[in-house]
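Residue numbers (the numbering used here), protein chains in the order written: chain A, 259 to 608; chain B, 259 to 608; chain C, 259 to 608.
Heads up, some of the hints might be wrong.
If several chains are the same, the list does not tell them apart, and a pair holds so long as it fits within one copy or across any two.
[Claimed, not checked] Pairs of lysine to aspartate or glutamate residues, derived as DMTMM-like cross-links and limited to a Cα-Cα distance of at most 25 Å, are as follows:
| no. | residue 1 | residue 2 |
| --- | --- | --- |
| 1 | LYS488 | ASP464 |
| 2 | LYS407 | ASP464 |
| 3 | LYS498 | ASP464 |
| 4 | LYS498 | GLU427 |
| 5 | LYS407 | GLU555 |
| 6 | LYS378 | GLU367 |
| 7 | LYS498 | ASP444 |
| 8 | LYS372 | GLU461 |
| 9 | LYS498 | ASP595 |
| 10 | LYS503 | GLU472 |
In short, the hints are calculated from the structure, not lab data.
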Amino acid sequence: MTKTNAGNFFEDFYVGQVIRHATPRTVTTGDVALYTALYGPRFAVQSSDAYARALGYPQAPVDDLLVFHIVFGKTVPDISLNAVANLGYAGGRFLAPVYPGDTLSAVSEVIGLKENSNGKTGVVYVRSTGYKDDGTEVLDYVRWVMVNKRDPGAAAPAPVVPRLPECIEADALGDAVPMLDTIHWDNDLAGSRFRFSDYVAGERIDHVDGMTVEEAEHQLATRLYQNTAKVHFNQHTEGKGRFGKRLIYGGHVISLARALSFNGLGAAFHIAGINGGRHVAPLFSGDTVFAWSEVLETAEIDGRPDVGALRLRLIATKNRPCADFPLLDADGRYENDVILDFDYWALMPR
Amino acid sequence: MTKTNAGNFFEDFYVGQVIRHATPRTVTTGDVALYTALYGPRFAVQSSDAYARALGYPQAPVDDLLVFHIVFGKTVPDISLNAVANLGYAGGRFLAPVYPGDTLSAVSEVIGLKENSNGKTGVVYVRSTGYKDDGTEVLDYVRWVMVNKRDPGAAAPAPVVPRLPECIEADALGDAVPMLDTIHWDNDLAGSRFRFSDYVAGERIDHVDGMTVEEAEHQLATRLYQNTAKVHFNQHTEGKGRFGKRLIYGGHVISLARALSFNGLGAAFHIAGINGGRHVAPLFSGDTVFAWSEVLETAEIDGRPDVGALRLRLIATKNRPCADFPLLDADGRYENDVILDFDYWALMPR
Amino acid sequence: MTKTNAGNFFEDFYVGQVIRHATPRTVTTGDVALYTALYGPRFAVQSSDAYARALGYPQAPVDDLLVFHIVFGKTVPDISLNAVANLGYAGGRFLAPVYPGDTLSAVSEVIGLKENSNGKTGVVYVRSTGYKDDGTEVLDYVRWVMVNKRDPGAAAPAPVVPRLPECIEADALGDAVPMLDTIHWDNDLAGSRFRFSDYVAGERIDHVDGMTVEEAEHQLATRLYQNTAKVHFNQHTEGKGRFGKRLIYGGHVISLARALSFNGLGAAFHIAGINGGRHVAPLFSGDTVFAWSEVLETAEIDGRPDVGALRLRLIATKNRPCADFPLLDADGRYENDVILDFDYWALMPR
């Protein structure tokens, strides 16, 4: 009997299965500093205790995506160690603010299974929940991954494909933000004179700047999240693999694009929900990430006179500036340089 | 109307203009740890709460240059996003100690403007001030940058060139250091048996060690400071530019040279003033930084029996050891390998 | 008289000499976050305040190897700046838990000296002790290094070779771990269902995963530890040297291998003693580290019903997976790819 974790294969999962993931993690100001060094975010609420306190937070909350990556990282050894591909996200909600000192754990429930027709792989749908040690839920989201079967001859389970929301309802947003005293929202310090009412559906924003990624950077990030997916770290093996090089964690791209989006969305201080996301193409060390956003929808939130919600489509490219908003080609396929298509709700002060 | 910050051009500035910069920043022990990892400083006062407390600080203060870089970083989106060159610094003073937990913001006043004769660029002089959220000023300094005009045809403003001090008066130094109980200064723990009275004007010190810089390192540093200058991060664009590669933030060089200077200046625990500084040549990833110092002047400070001031000229080179103190050639020009000429006041225990 | 530290040469040491090392260092959650980012450790006790508290710690202790590296780093400027080789470790014990906020200092005593027959170098044996500012000892260990003589003509001292224990006694282990309330040890959160009684002497465990090292990573780590050994940082000089490249700090390898060993030894939460260690071959940037462990011995600890001790031999390789447990060749020499042979005691819950 081996002591080593070989990860779960497709036939190890069953609908209704609940998996408590390893390694609870206390988030600290050290993690916050590293997150800043890795991506360069400039949102005032997460950067300044003083700014956050003036608005009604007890202190600066931890960046939403840092919370996401930590929760996601915990799920990897159990859910996706034998994954061929991370297919998508849906139904993500940030449910409570996270502060330095909070300890995060994660649990996943298998909510769907569908073997692929090749008999070699199957799709596993899990709802993962991150929570604090007092039980407070801070995040839940669904992701689905294509996982190898251990034994191609194993019988296929009855297919269960969960119904996933195309989009989180606006009124379900905002639980991770206390009621804000927006009279203390300072546009100069926030770095943008544009607020909720200044954005309209259909508007496109080129975030202009580009960020080149180094191997050391994405490895530091992915280890910080205690994400153990093999493809990110092992050049000896990956050098002989599909791409000949290490693959960058998809979440690294989301964080880079989000940080770039400050230039044009400086008041979009909080990611309240993740409607969907796809990693359209891989990113490698040496590539330069650019990003642009489209405002898909603007929505008021019931009971929240302080903030409004923008539904945003965040597109990231590699080695291609986004002044012309690259997305789909004439045949409706993603253009070659597009690497991320991420649909989320951001909150902005009204 | 674009939502994106295009930065200010030369004709957007006017003398007397006051700019409140974005993104207040709470400094944490996480930032301090990263600063240590990036440069390897070994000054005992900043490294040890216990050592600092024995001397009279409430806890270890944050490294002066970390404060400088954070304040500087805030000014970039408003002052130097369209800068062609960062021409110099003067009149810098550290005014109060900064501790983990303090939140820093920055404001700049335009104190001079002079269009260049080519009509395409002009020099902007700003005095930038960093302050805590209770209003305490922690740093002010002047820098001047060459900034592009948006429209070469725009009329030139009346030239205003501020008078800048060649050197901070010694008696104006030390506000960021409480009166120290130097009986608790421990030479062994400080890593140097030499104190203020052991140094004489004219003395030259080779700091011996060299430090090679990697892309990931300077990018992590510059993002940590939330400095958004494009030339540091974007290989896609810089690869086609003047140097064919990313340019390293000049402040990174200052911090590397300062950390190297511990070897020979271990008791010079505090940078009290910045008299002037020039980035003589660019630094790139893969280059190795060396440094040497000349003691320009030694000065007592009125009312301070605890500490004395050394005026130091810190020279950094790339790919050239400094045993022969490289500086100027026979024609009075900087030698090829010199990259930094930095004139500052350091405090030492007496 | 030069102000620069040239380090000690062989003839500067004498048996009984006590050296107080420079730069006390307050360990913070920032250091902990960086340690996580550098190696990706997943041991629950060090990762989670909540998990540690449930067991009886006041908060999560700092990773043992981070403590080791910080103490080790302090000794470098005095002991091994002129070292040719770091020959070995022995007799290491972790004596008290270290928490963020604790300030660490180090002192070394020279316990042995032996000039080599070539007359150019000698071996220096030191016992180094790390302690908190209240005097609590947290770690002591012996290391021996080959150090250059300043003057090959200097007379050899009388040879003194200390008797070193081959192995720490099991009953001397565990001082750095409070009595644990192991009813709260949660296998799921700890990431392993195997505990002390599940391991047997002779058992071999392949840790499977590989980790490729980048220059920026080991430089960040080694500077974080304020370790000033020249060979790790200076490509200008090392490029002309023995290997043509920078040499990675041996401790970096130990930490990588230890983090990899979580996969198979997830409950081995604490390094209680270091019996011996050798850096068999150098590691360079771009190499991929793999590891495997052999259980040498299992031992109960007198008075400790909560934890047992595993004596482990941790072998690291470069660019070679460890499924076949590489170690010695037919002639009893280390195989080419082996880089570390590390003999230590780990504690596990019973």
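Hint numbers not upheld by this structure, sorted from lowest to highest: Violated hints: 4, 5, 7 and 8; rest satisfied.
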